[in-house]
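Required output: the full structure, derived from the provided sequences and hints.
Residue numbers (the numbering used here), protein chains in the order written: chain B, 13 to 141; chain G, -14 to 200.
Note that these hints are calculated values from the structure, not bench results. Source: prediction; values computed, not measured. Any given hint could be a false lead.
Derived, one-sided and incomplete: chain G residues facing chain B with beta-carbon distance under 8 Å [stated by the list, open to error]:
no. : residue
1   : G61
2   : Q124
3   : L126
4   : K127
5   : W134
6   : H142
7   : E143
8   : S165
9   : H169
Beta carbons: idealized from backbone N, C-alpha and C, even for Gly.
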Amino acid sequence: MPEITKALLGNAEAQKQWGPAMQKDPNKQLEGFDNFGGHYSDATKIGGPPDKETWKWFDENKHKMHDAYKKHVAMLPDEESRSRMLSSFNTRLQHLNQVRQNSNNLETEGFKEHFDRTIPDKNFWGSSN
Amino acid sequence: MHRQRFELGLNQHPDKIKPVMGYDPSVQRTDLGEEPKSIYHVGGSDKVMIKPQAAPTTKLSAWNEMTSQAMYHAGGIGHLHQKVHATTLANQGNKAQPGKDPHAIAVHMAPNVRTVTDAVADENDPRMEKLAGSEQHLQSLKKMGVMDWLTSNEDRHEGNIMVAPDGSPLAIDHGRAFSSDRLHSFGIENDIDAEIQGKIALAQKNWPPKHARDY
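See below:
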């Protein structure tokens, strides 16, 4: 796990460093967002990167999940904050769609190699896995 | 006006979770970290954790939990999300004051689960082998990982993934979800506003609450 990500987990000082850089710019996301780096989520580190079944589920449900998010953002009190929340989420959803599209263009093994390169400790389960 | 909508939205969240009633008066105060938390035993065995709506580093803690849960359910994977529901703390002499009581989140703690951290450390516990040997459980983790991306959840470490005895995973603690969205919207979250500071101070002063009022 990169030091900056470690620091982000509960380190208020790191938030102060990242906050100004990220504020008002939805294109700036947290470390690990650009690929399915295992350090971003231990669920990915253990379960592995999304495969065809995962993306099929994502395609079938992303609009419903987006609607659920919009419904809850509508409960927030400030209009400008709501707008920024939606903008940031939309940017991330588009990025995820792009990653999903790119995965279509890769052979399964190619994507696996790409994934393996991004996760130094991919052998979470040991050499037999 | 919008503040009222926010409160109504939390209180009347359509999630079909059975209300928890009859808290045991013997309260175990657990974590004295950055926010007050208490665990209540309900019905003799089930446990519910009560947390105020906001943590000092996350002003929308309860909102994050509820929104995350709603997205999991919308995506058809609600069973992978530890159940939560919105509540308020009636901590003013045990008399509820609608509209004034601090909001809180009730976390229904799943029974018989262990964190990945604990399960890996216990060589006699077979649940991790069951997880690793199940394509279904691994697929659940893949989806969980996509959700962490989609919800910008920066806090999915091994201590926030629970594993049931059959190896099925469960995502817990989404108080820091939507981190990117919140930073874009509110800036540095430690600078929480006075209203929330006041509610946290009130909750801490009266902690543990007499009871939580459920919806």
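Task: Violating hint indices (sorted, rising) - done: none
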